[in-house]
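S.K.: Chain by chain, the residues run as shown.
Number of protein chains: 2
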Amino acid sequence: MDRVFNFNPGPSTLPVEALEKAAKDLVNYQGSGMSIMEHSHRGKEYEAVHNGAIALIKELYNIPENFDVLFIQGGASLQFAMIPMCFLRDGKKALYVNSGTWSKKAIKEAKIQGKNIEVIATSEDTNFDRIPEIPEIKDTGDIDYVYITANNTIFGTEYHKLPETNGIPLVIDASSDALSKPVDWKNIGVLFAGAQKNIGPSGVTVAIVRKDLYERENDKIPTMLRYSTFAENNSLYNTPPTWSIYMVNLVMDWVKNTIGGLEKMAERNQKKAALVYDVIDSSNGFYKGHAQKDSRSLMNITFTLGKDDAEGTLSKKFIEEAKAAGLYGLKGHRSVGGMRASTYNAMPVEGCEKLAAFMKDFAKANS
Amino acid sequence: MDRVFNFNPGPSTLPVEALEKAAKDLVNYQGSGMSIMEHSHRGKEYEAVHNGAIALIKELYNIPENFDVLFIQGGASLQFAMIPMCFLRDGKKALYVNSGTWSKKAIKEAKIQGKNIEVIATSEDTNFDRIPEIPEIKDTGDIDYVYITANNTIFGTEYHKLPETNGIPLVIDASSDALSKPVDWKNIGVLFAGAQKNIGPSGVTVAIVRKDLYERENDKIPTMLRYSTFAENNSLYNTPPTWSIYMVNLVMDWVKNTIGGLEKMAERNQKKAALVYDVIDSSNGFYKGHAQKDSRSLMNITFTLGKDDAEGTLSKKFIEEAKAAGLYGLKGHRSVGGMRASTYNAMPVEGCEKLAAFMKDFAKANS
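Top to bottom, those sequences are chains C and U. Per the working numbering, the first sequence runs over residues 3 to 369. Per the working numbering, the second sequence runs over residues 3 to 369.
Treat each hint with caution, since some may be false.
Copies of the same chain look alike in the list, so a pair counts if it works inside one copy or between any two.
Taking lysine-lysine pairs in the DSBU-like style, the calculated list, with each CA pair at most 30 Å apart, reads [unchecked claim]:
#1 Lys23 / Lys60
#2 Lys46 / Lys107
#3 Lys46 / Lys325
#4 Lys46 / Lys356
#5 Lys95 / Lys46
Read the hints as simulated data drawn from the structure, not as lab findings.
Required output: the full structure, derived from the provided sequences and hints.
M.R.: Structure (C-alpha cells):
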C-alpha cells in the first residue's frame, strides 16, 4: 500500500521529506561510517544535530534570549509533575484552567505533591466544548504561575488568544499546537510540548523555560527532575534520546525551508482546518462540530453525525469508508465519540481537501 | 566511507541487520501506509512491536512470571531517583556498593531525597580498578534492598557473580551488561538498563521489576515516577518512545534469531574480550589493563600505554591510527585515561580480531 493520509492524534503524521532523509541516512549517517543512533552523544556529528534542532526551534519560534530550549524525556505527563515540583514553592499557589483531560491530569499531579492550587475556570459542565472564560488575573504576590492547556486534543478546542496574566509566569502545555503558529512570549514562563504531534516522533519533550525560574528549584528535587540540570548541561546531563532529537531537527528544517516559517505554517493550518469546518457548517446538521465556534482547534477537528444511533453505526461506516479512501486515524476519542481529524503541521493541504470531498460525498450518500 | 567498527561506550554499535530492516521500513512500515513513528501507540501495528519486544526480553532473559518488563524514559539517571523514591521506605535502609561513577550518582540521588542508605563496600581507594569485596549480608529486617552497578562502563569492571543477599531484593543497574549473558533471578528485585549499549538506541530504559515491590510505593509519588503506573498500563500510560522500542524489538530479534540466545551471546562476548585482553597480557607491559584480572569487564576493556607521557601523546597516536584503520570510538574516559574498547553485544567478532591485530602491530612499531 502507498502512504496514506494519516489523521492520527499523536503519534501523528510526519513530513515525508524528513522520513525519506532519515531512511536514506539510517545505516550510515552522512557517510560517517555509522548510524546517527550509534554516534556518541558527545561527538561532533550528534552535537551538530542537537544544537541544530535547538537553534531551529529558537529561530522559528522567535524565542527571546532569556529562555532555554530543553530536551527532556517522559512526555507531557512528566511535565505535569515537574512543573509544580520545580516552580510552585511552599507558601505560594498556582492558578489552573481546566479545559479538558490533560488539564485535569496536570491538576491531579500538582495535588499529589500537596501543592496549593486553585482552579480558576473550567468548561467541564459542557463536556469541554470551549475554552472557558478566564476571570481577570491580578498579581496578589502569592501566585507562582498560571497554567493552561493551549490545545485540547481530545475535545478539539484551542486558545486563540493567551490569557493576560499581568506579569505572572504563564505555563503552557502546548503539546498539540506547539510551532503551529507564532507565539507572543510576553507573559510566558514555560511552554512545553511532547514532540509527537507537531515537532517530531515520540520520545522527547521540548520545554522552553524562562531562565529566572530555575532559582525556585530546591535541593530536595532529584537531579533529573530539575529543569536547571537540563539547562546547565545543554540537555546532555545524561544520554538524550538522540534519534528523536535527530528527527526533530529534520522536521524543524522542513518547517523552515519547505514551509517557510511559522507565519506560513499558521496560514496553511488555517486553510486546512477551514476546508473541514466549512463542510461541517454547510452540512445542514449532518455533521455536528463538538467545539463551540470561537474555541475551535486548528489541530484537532472533532465532530459527530447528527443522525447517528447510540451505537455509532453511521460513524463506524464513515471511518471504514474513509479508510478505504486512504484517510486514516479518524476515529474520535471515547469522551466525545464520532470522529476526530487531527490536522497537525505535517498534514498536507491535499489531505484536508480529500477529507472535505469525502465528507461531502458521505453526507450526500447518507442523508 | 563504509561502515566502521564502532567501539563507542554508548550510544554504541547496533546490529547492521537491524539497521537495514529499520531503514527499509522507515517511510512505510510493512506496507501499512505510514512510518512506525507515525502509528498510534494504541494501534495494532505498534502494539505488536511493543508486546513483541517485551516477549523477546522475557524469553531471552528467562524472566520468571513474578516480574514485569517495563519501558520507562529518562535513562539510568532517572532510575537512580525512582529506585529509592519507590522502593526505600521511611524507617528502612538500603545498602549500596560503590564501584564507580554510576554507583556514586545513584548514592547521591538517594541522599538528595533524605533516604537512609549505607555504603557497604567501595573500591574508590584504587580508582575503581575492581569490584569491591562485599561483606556478608544478613537480613536484619530493616534493609529494603541491596544496590549494585553490574558493569562499570568507565572503569571496565564487572561482577562475574552476583552478591548473595539472602532474600533481600537486589537492585542492579545493568545498563552496560544487560542481556550480554544469562542472569540468575533468585535474589533480584529490580534489574534496569538504559537501552543504548546492548538493547537498542537511547531513549528507552528497560526496568525488570519483581511485582511484590510495587506495594512499597506511596501515594505522594508522582504518577510518572511510580513503577506501578508502567506495570498497570503495560508501559502505555502515556505515549512511549515508540521508535526506540521498535529498535529494541529488532535488536532482540537479532539476539534470538541471528546469535541464538544469551548462552551463545555470552560465549561470543567472552571470545571477543579475550582477543583484546590476550594482547594486553602478552604485551610485556606495553599495554596496561586498568581493571584487576578477576574484575575485568567483558563489555568495556580499559587500558593505558606503559610508556606514554603525561600528555598522553602515544595514546593520541594510537587513537588516530586506529581510526585510520576503521576502528572508532577508542578514546578512554578522562577518569582512567588511555583507551577503552567497548565490545557490547552488537560488536562483531571480526571487530575485536581487527582491533587485536592493530594493537599487536602498534606495539611492535612503538616499542
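S.K.: Could you run down the list of hints and mark each one as holding or not?
M.R.: Results of checking the hints against the structure:
| no. | hint | in the structure |
| --- | --- | --- |
| 1 | Lys23 / Lys60 | within (23 Å within a copy, 34 Å between copies) |
| 2 | Lys46 / Lys107 | between (39 Å within a copy, 26 Å between copies) |
| 3 | Lys46 / Lys325 | between (44 Å within a copy, 15 Å between copies) |
| 4 | Lys46 / Lys356 | between (44 Å within a copy, 25 Å between copies) |
| 5 | Lys95 / Lys46 | neither (44 Å within a copy, 43 Å between copies) |
Violated hint for the displayed structure: number 5, the only one.
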